Amino acid sequence: MNNIFDKMLNNSWVELILRCSLGILFIYSSTHKIINPAGFAKIIYGYYLFPHYFINIIAIVLPFMELVTGICLVLGVFPKPAAAIINGMLTLFIIILTINLIRGIEFDCGCLSFNTSGDFTHAGWVIARNFLLLLSGLYIMFFKKRRLFCLYRNS
Amino acid sequence: MTGHERHLSPFKDITKKIITLVVFTITLAFTVNYFSPRGIPAFGEWDTSIGVISPEKNVDHGLEINYVVSAKKIFDSGKAVFVDARMSELYKEGHIKGAVSIPLTIFYDIIDDFISKYPTSTLIITYCSGRECQDSHELAQLLIDEGYEKVKVFIDGYPEWKKEGYPVE
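Keeping their order, the protein sequence lines are chains E and Y.
Under this note's numbering, the final residue of the first sequence carries the number 378; numbering is consecutive throughout.
Under this note's numbering, the final residue of the second sequence carries the number 442; numbering is consecutive throughout.
Pulled out of the complex, with its shape left as it was, chain Y reads as follows (with noise of 0.2 Å):
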């Protein structure tokens, strides 16, 4: 301790220490989160307006239909397979009509019926629980690692679809 650290006042003391500790810890965060695999960004995507929210930039916004018409539309074309990300729990519960149920969990267990299926130039719309929720994002881009060349991902999901009245079952 130097001569000048002794004549601090109790609080001032207190108060220096914790400014130390705070400063060491950020430090020490930023440095942790900058090297680490799973660290993430100083800023995250939040905004439900722009689109699905990530904490890690990674969504691609290309893929997303904003509008819950514009799914309708698609829907009543008859050309697209819609796939449920969600637990089948949820799926159960209740899905878009004739929509088929690959939770993120099983997907490579159930992945090669599906492929079987659908060929891989099958329009594909993904969706999940609504913006605040990712899976639909995951799924699509599994799709399309597997080899799936039209993917889109229906970002307003299950709730606003049966919110608007269209079929479900």
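If we strip away everything but chain E, and leave its shape as in the complex, we get (with noise of 0.2 Å):
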């Protein structure tokens, strides 16, 4: 049983699959982001959170980050650094949404889509989906063996 748990945290193939869907995850949930900016910064403001100065800054370098981790992630050029930063926002979005789940806001999280019919996805549900990415992000950045169909294994 602990051999096969073992083979299975160390497998390549496991590693490639949750490396590219997570890549292909911050890819797609960029796009909707980068295509309308001004309704992103108008989410970030909705969350009560962030000061004045630092909402536009976020909802124009944001996306741009999920989307160049997740095109290094797929590619397989310095996945050890795309997913540890992947990791970060991770944690980050995490907080920001325990906070607000605590505080007892409704909103819209913006993370896959802008939500325009009012219907919010519940935060606790959306906390326990980052909590499953943070889990595939951290098996990305901490296996050890040899990584399959990398452009730039070497990281």
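Treat the hints with caution; some may be incorrect.
Stated by the list, open to error - Computed Cβ-Cβ distance ranges for the label pairs, DEER-style:
#1 Gly347/E to Tyr340/Y: 38 to 48 Å
#2 Pro274/E to Phe303/Y: 15 to 25 Å
#3 Thr254/E to Tyr307/Y: 18 to 28 Å
#4 Gly311/E to Gly438/Y: 47 to 57 Å
#5 Ile258/E to Asn339/Y: 32 to 42 Å
#6 Trp236/E to Lys436/Y: 20 to 30 Å
#7 Lys365/Y to Ile318/E: 36 to 46 Å
#8 Glu405/Y to Ser336/E: 52 to 62 Å
#9 Gly347/E to Phe297/Y: 33 to 43 Å
#10 Tyr340/Y to Leu335/E: 34 to 44 Å
Calculated from the structure, these hints are not laboratory results.
Here the structure is a predicted model, which is why all the values come from computation and not from measurement.
Heads up, the beta-carbon is just placed ideally off N, CA and C, and yes, glycines get one too.
Put the two chains together into one complex; each comes in its own frame, and the hints tell you how they fit.
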């Protein structure tokens, strides 16, 4: 049993699937924000957490951070540093979502799309989803065996 | 890989690459944003005490009525038409008494009918859901583009009006 678990933890194919899935998800989640930065800035404002000076800067930079790190994971360029940045972002998202969950503020997380219907996904579910993604990110980051299909493996 | 890089500790190596990725991404983000037609300025207007918020600094604060009392005075004078920019569903749930509904999404479907009822010399007061809602400003701009000369935006909108106990229906 331990042997199977060990093989799963150190399996290059598992790493490849997780890396590509996480990468594609981050690329996908960045597109609607890049297309509509003004809309994303309003979503960030809706969290009621960020100083006004940083709202537009976050709206400009964060989607590209998701895009670039997502591409890095899929192509296998700097996979470890890219996974580290993604894990950092996911940790921040979890903290921010938890704060708003505790405050009881109903809001659009803006994670994978902008909500126009007013029917918001429950923050608890989004936090659970981010935890699963963080686990994938940690697996990719601490993976020590040979990574498959990497353009620039040396990282 | 250079000889210098080869001797970096794993921690220093990953830190260096993270910094490289971050710097590259920030440069890319601001460059694309600068040239994009949908780009936004680095700083927006997010202080509701100044007026309606906006990521693009494109709000004409000169149009704004900043106090509920001022809006009520205009309402009492009977010289203005209040126009509700919110979705039809919200209008039906409740609106300022006598207000006309022009949701932004169907503006061009109903504007001809509106113009036929209210000449362009009419004083128009637009409103939506408050200072975090830009629809009233967008509606005001569309009405100005249609030739309306006297357009104002009641920025506190329906929620504050209702809170004050002013006439609704």
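For each hint, the structure was consulted:
1. Gly347/E to Tyr340/Y: 38 to 48 Å: holds (40 Å)
2. Pro274/E to Phe303/Y: 15 to 25 Å: Once the Cβ atoms are compared, 19 Å apart, the range 15 to 25 Å for Phe303/Y and Pro274/E holds.
3. Thr254/E to Tyr307/Y: 18 to 28 Å: holds (19 Å)
4. Gly311/E to Gly438/Y: 47 to 57 Å: holds (49 Å)
5. Ile258/E to Asn339/Y: 32 to 42 Å: Hint holds: Cβ distance 33 Å, inside 32 to 42 Å.
6. Trp236/E to Lys436/Y: 20 to 30 Å: Violated, since Trp236/E and Lys436/Y (Cβ atoms, about 60 Å apart) do not stay within the stated range.
7. Lys365/Y to Ile318/E: 36 to 46 Å: holds (40 Å)
8. Glu405/Y to Ser336/E: 52 to 62 Å: violated (20 Å)
9. Gly347/E to Phe297/Y: 33 to 43 Å: Cβ of Gly347/E to Cβ of Phe297/Y: about 35 Å, so the range 33 to 43 Å holds.
10. Tyr340/Y to Leu335/E: 34 to 44 Å: holds (40 Å)
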